[in-house]
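Assemble the complex: chain A is given as a structure, and chain B must be docked to it using the hints.
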Amino acid sequence: MPPLAVDALAGFIVLNAIIGVVTYITLLERKFAARMQSRIGPYYVGRPHGWLQPIADALKLMMKEDIVPTRADRWVYNLAPLAFLVPCMLIFATIPFAPGLGVADLNIGVLFFLAVSSLEIVGLFMGGWGSNNKYALLSAMRAVNQIISYDLPFIFAALVPVLLAGSLQMSAIVTAQTGLWFVAYPVIGQLAFVAFVLTTLAAENRVPFDILEAESELVAGFRVEYSGMKFALIQLGEYAHMLGTSFLGALLFLGGWLGPGPAWLGPVWFLLKAVIVFLLVTWVRWSFVRIRVDQILAISWKLLLPATIVLLLATGLVVAAGGPRGG
Amino acid sequence: MPETQTRHVVELGYGGNERLIMNMGPQHPSSHGVFRAILTLEGETVVAVDAVIGYLHRCHEKLAETLTYVQYPSIASKTDYVSAMTAELAYVHAVEKVGKIDVPKRAQYLRVLAAELQRIASHCLWLGTWCLDMGGALGGGATVFLYCIREREMILDLFEALTGARLLYGFHQIGGTRYDVPPGWAARCRETVDFIERRIDEYEAMLDDNPFFLVRTQGVGVVSRELAQEVGLAGPLIRGSGVAYDVRRAEPYSSYEDFDFVVPVETAGDCFARYRVRMVEFRQSIRIVRQVLDGLPEGPISSRPGVKSVGQVRIAKGEGYGRVEGARGEVGCYVVADGGPKPYRLKWRGASFSNLAILPHILPGHKVADVVAIMGSVDPVFGEVDR
Numbered sequence: 143m144p145p146l147a148v149d150a151l152a153g154f155i156v157l158n159a160i161i162g163v164v165t166y167i168t169l170l171e172r173k174f175a176a177r178m179q180s181r182i183g184p185y186y187v188g189r190p191h192g193w194l195q196p197i198a199d200a201l202k203l204m205m206k207e208d209i210v211p212t213r214a215d216r217w218v219y220n221l222a223p224l225a226f227l228v229p230c231m232l233i234f235a236t237i238p239f240a241p242g243l244g245v246a247d248l249n250i251g252v253l254f255f256l257a258v259s260s261l262e263i264v265g266l267f268m269g270g271w272g273s274n275n276k277y278a279l280l281s282a283m284r285a286v287n288q289i290i291s292y293d294l295p296f297i298f299a300a301l302v303p304v305l306l307a308g309s310l311q312m313s314a315i316v317t318a319q320t321g322l323w324f325v326a327y328p329v330i331g332q333l334a335f336v337a338f339v340l341t342t343l344a345a346e347n348r349v350p351f352d353i354l355e356a357e358s359e360l361v362a363g364f365r366v367e368y369s370g371m372k373f374a375l376i377q378l379g380e381y382a383h384m385l386g387t388s389f390l391g392a393l394l395f396l397g398g399w400l401g402p403g404p405a406w407l408g409p410v411w412f413l414l415k416a417v418i419v420f421l422l423v424t425w426v427r428w429s430f431v432r433i434r435v436d437q438i439l440a441i442s443w444k445l446l447l448p449a450t451i452v453l454l455l456a457t458g459l460v461v462a463a464g465g466p467r468g469g
Numbered sequence: 027m028p029e030t031q032t033r034h035v036v037e038l039g040y041g042g043n044e045r046l047i048m049n050m051g052p053q054h055p056s057s058h059g060v061f062r063a064i065l066t067l068e069g070e071t072v073v074a075v076d077a078v079i080g081y082l083h084r085c086h087e088k089l090a091e092t093l094t095y096v097q098y099p100s101i102a103s104k105t106d107y108v109s110a111m112t113a114e115l116a117y118v119h120a121v122e123k124v125g126k127i128d129v130p131k132r133a134q135y136l137r138v139l140a141a142e143l144q145r146i147a148s149h150c151l152w153l154g155t156w157c158l159d160m161g162g163a164l165g166g167g168a169t170v171f172l173y174c175i176r177e178r179e180m181i182l183d184l185f186e187a188l189t190g191a192r193l194l195y196g197f198h199q200i201g202g203t204r205y206d207v208p209p210g211w212a213a214r215c216r217e218t219v220d221f222i223e224r225r226i227d228e229y230e231a232m233l234d235d236n237p238f239f240l241v242r243t244q245g246v247g248v249v250s251r252e253l254a255q256e257v258g259l260a261g262p263l264i265r266g267s268g269v270a271y272d273v274r275r276a277e278p279y280s281s282y283e284d285f286d287f288v289v290p291v292e293t294a295g296d297c298f299a300r301y302r303v304r305m306v307e308f309r310q311s312i313r314i315v316r317q318v319l320d321g322l323p324e325g326p327i328s329s330r331p332g333v334k335s336v337g338q339v340r341i342a343k344g345e346g347y348g349r350v351e352g353a354r355g356e357v358g359c360y361v362v363a364d365g366g367p368k369p370y371r372l373k374w375r376g377a378s379f380s381n382l383a384i385l386p387h388i389l390p391g392h393k394v395a396d397v398v399a400i401m402g403s404v405d406p407v408f409g410e411v412d413r
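Protein sequences appear in the order of chains A and B.
Under our numbering, the letters of the first sequence match residues 143 to 469, in that order.
Under our numbering, the letters of the second sequence match residues 27 to 413, in that order.
In isolation and in its complexed conformation, chain B is listed as follows:
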C-alpha cells in the first residue's frame, strides 16, 4: 500500500519482528459477502486489522432519488437482503413520517407480523452461518447451518404465500401494505412458529452446554459498554454489551407499544452474550407473532387508494428521519422531500455498517480463528454495509 493512502490501523505493541500480512477477503469463505480484512499477524495472533468495504456498492441512495415513492420500497429491500422486510419498513416509515401519512391499524399489525417473522428468518441465517464459520463446512457447523436453513425455509414459504416472493418482497407501500393475509395463512403461521419454537430448543440443546462451542465464544471479542456506545453499535450487539436499547421500545413505531415483549440484555459483551441475546429474541419474536395473530384488527390495509401511475404519490416538502429495529439493529432513513413524486435526497443508516466499525477495535490480540468467530457474531450483511 502506498504511503499516501495511510489507513487507520489499531496496532498492539507485540514487539516481534516476524510479521505476516494476510488478506482475508474479499473472496473468502467466511467473509459473509464481500468484505476484505487485511490482517497483520504475528504467528497466529492478529496485531492489526485494516477493514476494507465497498465491494458491493450499488448507489442505493442515488437510486432512491431517481425512483418514485411507489417504486422504491421494493428496491429498498435490496439494501439488507437477509432482512428485506425491515429494510422496506424503514423506508416507508420514514416517508410516512415526513409526509404525515396515517397507516391503518391492520396494516400496522401486518407490518409488525412481517418484521418479526423476518427477524426469526434472519437470526436463523445468522446462527447457521456463524456456526459454519466456527465449525467448518465439513464439520458440526455445517450441521447447525443445515438445521437453521431448514427452519428459515419455512418462514420463506410463509412469505411466499403472503407476497409471492421469497427473498425480496415489496410487501410495504407508502400508507400501508400491499398484500393482506390470504385465507388459512394465519393458522399455517401459528403452526410454523410453534414448530420453530421447538426447533430453537434443539439448537440450544446442541450449543448451550457444548464445551467446544463455549470455549470458542466465551470471552472472545469482548465489547465493553463504553466502547459499544462510542462506536454506535445497535441491535443485538449493543444489547449484548449491557445497553437496553431497542428502537421498538425507545421509539415505538407501527403499534409496537401494543405488544408485550422483553428486550434481552446481556452484560458480558462477548460472542456468547450476543448469541444469548439473539436466542432470546427468537422467542420474543415468536411471542409477538402470536400476539399479532390473536389481535389482528379488521379494516383496510392501506390509507390511500391505489394509483394508476407510479408518479401519483407525492410527499409535501419536508424532511425527517424514520428508524426501525431491524434484525441487526437500528435501520434508518433520512428523507428530504421536495413536493415531487421522488425524494430529493435519501440517506440510509445501515445497522451492519455501524456494527462492522467495531472490528478494528476488538480484533487485535485475538487469534486468526477468532476473527471469523467475531465477524460472524457481528452478523454483517454487506448489502447493507455498502448499499
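Extracted from the complex, chain A is given alone in its bound form:
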C-alpha cells in the first residue's frame, strides 16, 4: 500500500477506536460518580450494570430534533461543534499507544498536542457567540479567560518531563522513563504531576473549574442552545479531550506503555494508566464545589504560573547539572 493510504487507514482506525472508548468512558464516569454518591448509576439499559447505556444515549441524541435558534448566527452556530470536535480528535494523532503503534510519532509530538488542544477554544467561542444567547455569551467570555490563563501553566507542567527526557517526541519520553517513571522523580516529578492534574481540570472544564458550563448560573453555558447531534458532537469532543489529556498524563508521568509482562500488554497498561488519570480527575470533580471566575484567574496567574515557571527552571538546573535522568 502507498504510505498515504497506510496513514489514512491508521487514522481511521484510531478515530473509531477513540470514539468507542470515549463513549464508554462516560459510563465509567457515571458509575464512578454513582459509587461516590452512594447510588448505583445506570443499570437497566443493558444488564448487568447498564453496559448499553452509552449506546442508548447516543441513539437518543441522534433522534432528537435539531434546533437552530431563529436569531442565531447560522454559519457560526452550525460550524461550532465541528470546530470544537476536530482539535479534540486531532490530539490523538501524535499519541503512540505502543512502540510504533500510532498515527504519527512526530518529533515535536508534545508541542503538536499542546498546540492543537488549545485550538478548541475557537469552537467554544463560536458556539457561545453564534447561539445569540446571553448565557452562552457569558460562558464564551469565561471560556476565553480561563483557557488562555490555564494553557500557560499547563504547557509549563507538561514541559517538565520533556526537559527531563530531552525530547519532544512522545515515544522518546516513554523510553526515557524505562528505569524511573517521571511521577516518581524526586520532588520535581510529583510537583509537576500535581500541577498537571490541576491544570488538566481547568483545561477540561471540570469542577472546580467548570465555570463555562456552570449549570447553576449559566444553565449549560455555551451549549445551552444546542440539541441533538450537534450537542452530541460537543459532548464527544469534550470527553475526547479529556481522554486525550489523560493519555498525555499517563505518557508524560506514568511511563506510558511500560509495565510488567510481555510487550503486547503495553497498550493495555497505557489504557489502564490513562483511565487512572481520568478517574483521578473525576474524583476531584465529584468532591469539590465550583469556584468563581475571578478566583480561578487568581489561582492561575498568582499561583500556578509562577510555580510552574520556577519548577521548569529547577528542572532545567537539575538537567544542566547532569542530574540523574530517568532511565
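Among the hints, erroneous ones may be present.
[As the list claims (entries may be wrong)] Simulated coverage check for chain B against chain A, where a stretch passes if three residues somewhere in it have a Cβ under 8 angstroms from a Cβ of chain A: (1) 54-60; (2) 151-161; (3) 172-179; (4) 237-245; (5) 391-404.
[Stated by the list, open to error] No farther apart than 16 angstroms at their CA atoms in a straight line, the calculated lysine to aspartate or glutamate pairs in the EDC-like style are these: (6) Lys-123(B) x Glu-345(B); (7) Lys-131(B) x Asp-206(B); (8) Lys-373(B) x Asp-412(B); (9) Lys-276(A) x Glu-70(B); (10) Lys-393(B) x Asp-436(A); (11) Lys-276(A) x Glu-68(B); (12) Lys-393(B) x Glu-91(B); (13) Lys-343(B) x Asp-364(B); (14) Lys-131(B) x Asp-320(B); (15) Lys-444(A) x Asp-293(A); (16) Lys-276(A) x Glu-44(B); (17) Lys-126(B) x Asp-364(B).
Worth flagging that the hints you see were computed from the coordinates, not collected in a lab.
Given the structure is predicted, the values throughout are model-derived calculations rather than measurements.
Where a beta carbon is used, it is the ideal one built from N, C-alpha and C, also for glycine.
Here is chain B on its own, set in the frame of chain A:
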C-alpha cells in the same frame, strides 16, 4: 420594561457603558422554585438586580377564609412545603391563641418533636440545594446534595410512620395533634437522630475546611447587623448577622421553655456564617428531639373531642397574631375570627418572603456566580414567598 412600571433598583455607579440585562429565572436551575431576578451586568459583575416574585401565588390567604378551622391546617402546610410541620403549627398556634384554647402537655411536646425533626429535614434540603447551586449538578455539589437527601429521606420515613404522609402532613389540629406516636416509633426516632448526628459530622468534615467551599462562602453576601434588622430578616439569616433572635426564646410557645438548647449566633454576616448557624441548629434540634423523647408526658393529645362535621369548631370573636420559629425564621399568622367556623381574615407572615427582601441590598457588586450562592444561603421556599 415600560417606563411607567419603574421598579426600585439598587444601582452601583460602575461607570461602564457595556451593560447586559440577563434574566435569571423564573425557570432557572438555581432559582429554588419560580423566582425571577433581572440582573444588570457589567462583564461578570452584577450592578443592579430587580427581583420579581409572584409566580407561585395560590391565594392562600383567601383560601383560608373559605375553609374551616378543621380543614385549613392541612392546607397551611402547603405554604412552606419544605417545612410543612412548622407552617401548620403557625396556623393552629395563632387560632388557639385567639380562641384561648388549651393544648395538653403531651400534644405540646409532640408538636415540638415534629417541628424539630422538620427543621433537620429542611436544613438537609437547604444544605444539599445550596451546595448544588455552588458545585453544580455535575460536580461535588451533587455529591453533597445526594448525601443530604439520603438523610432527609430518613426523617420523611419517620413522618410517614407518624402521619401517613411524607411531605404535607396535616399533623396539627386546633387544640392538639391529630396523631400520637405509634408503638416503637420513639426508639426508631432515636436511632435516626443518632445516625444523622454522625452524618452531620461527615458534612462538616467535607465542607468546613474545604478551601474551594471557603472561598465561595467567606466574605460573600455580607449582611450587616443594622441592615438585617432594617430589612426584617429572621431565622438563621439574622442570627448569622449577630442578632440572637429566635422566636423559641423570645416568645416561647408549645412548652419550648422546658427544653435546653442554644441559639447559635455568628457575627460575620456572610454565607459561611449562615452555614455555621444552620449546622449548629442541626445539632440543637437533635438535642431537643432527644429531650422530648426522654420527657414525653402521658395524657391526651387533644383538648377537644373529635368532630363529626368540619364546621363544628368555632372560635369566639377576636383577633391575634401567633408566631413560631420555622426552619427559615419567624412564621406567623394574623387571624381575625368572627365567631363562625371560618376565620374572617387571615394574614401570613412568611419567613422566606422577608428574607428574600435582602437580595437587592446585597447582590450588587458581586459576581454572577455569587448570586446563586447568596440566594441559596437565604434558603427561600417560594411556596412561602408567594403563598
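Need the status of pair Lys-343(B), Asp-364(B): alpha-carbon distance at most 16 angstroms? 4 angstroms, holds
Is it true that the CA of Lys-393(B) sits at most 16 angstroms from the CA of Glu-91(B)? 44 angstroms, violated
Just to be careful, I want the Cα atoms of Lys-276(A) and Glu-68(B) compared with a cutoff of 16 angstroms; is the pair within it? 13 angstroms, holds
Lys-444(A) and Asp-293(A) were given as a pair; does the straight-line alpha-carbon distance stay at or below 16 angstroms? 14 angstroms, holds
Holds or violated: Lys-131(B) with Asp-320(B), Cα cutoff 16 angstroms? 14 angstroms, holds
Are three or more residues of the region 151-161 of chain B within 8 angstroms, CB to CB, of chain A? With 5 residues close enough to chain A, the hint holds.
Check whether the Cα positions of Lys-373(B) and Asp-412(B) lie no farther apart than 16 angstroms. Roughly 12 angstroms separates the two Cα atoms, so the pair holds.
Would the pair Lys-126(B) and Asp-364(B) pass a check requiring their Cα atoms to be no farther apart than 16 angstroms? Distance of about 14 angstroms is within 16 angstroms: holds.
Please count how many residues of the region 172-179 of chain B have a CB within 8 angstroms of a CB from chain A and say whether that reaches 3. That given contact holds, which follows from 3 residues of the region 172-179 of chain B lying within Cβ reach (below 8 angstroms) of chain A.
Stated coverage of the region 237-245 of chain B by chain A [criterion: 3+ residues, CB within 8 angstroms]: Our answer is that it holds, as 4 residues pass the Cβ test (under 8 angstroms) against chain A, meeting three.
Within the region 391-404 of chain B, is the number of residues with a Cβ closer than 8 angstroms to a Cβ of chain A three or more? Holds: 6 residues of the region 391-404 of chain B have a Cβ under 8 angstroms from chain A.
When you check the alpha-carbon spacing of Lys-123(B) and Glu-345(B), does it fall within 16 angstroms? 9 angstroms, holds
Violated hints amount to a single one, hint 12; each of the other numbered hints is respected by the structure.
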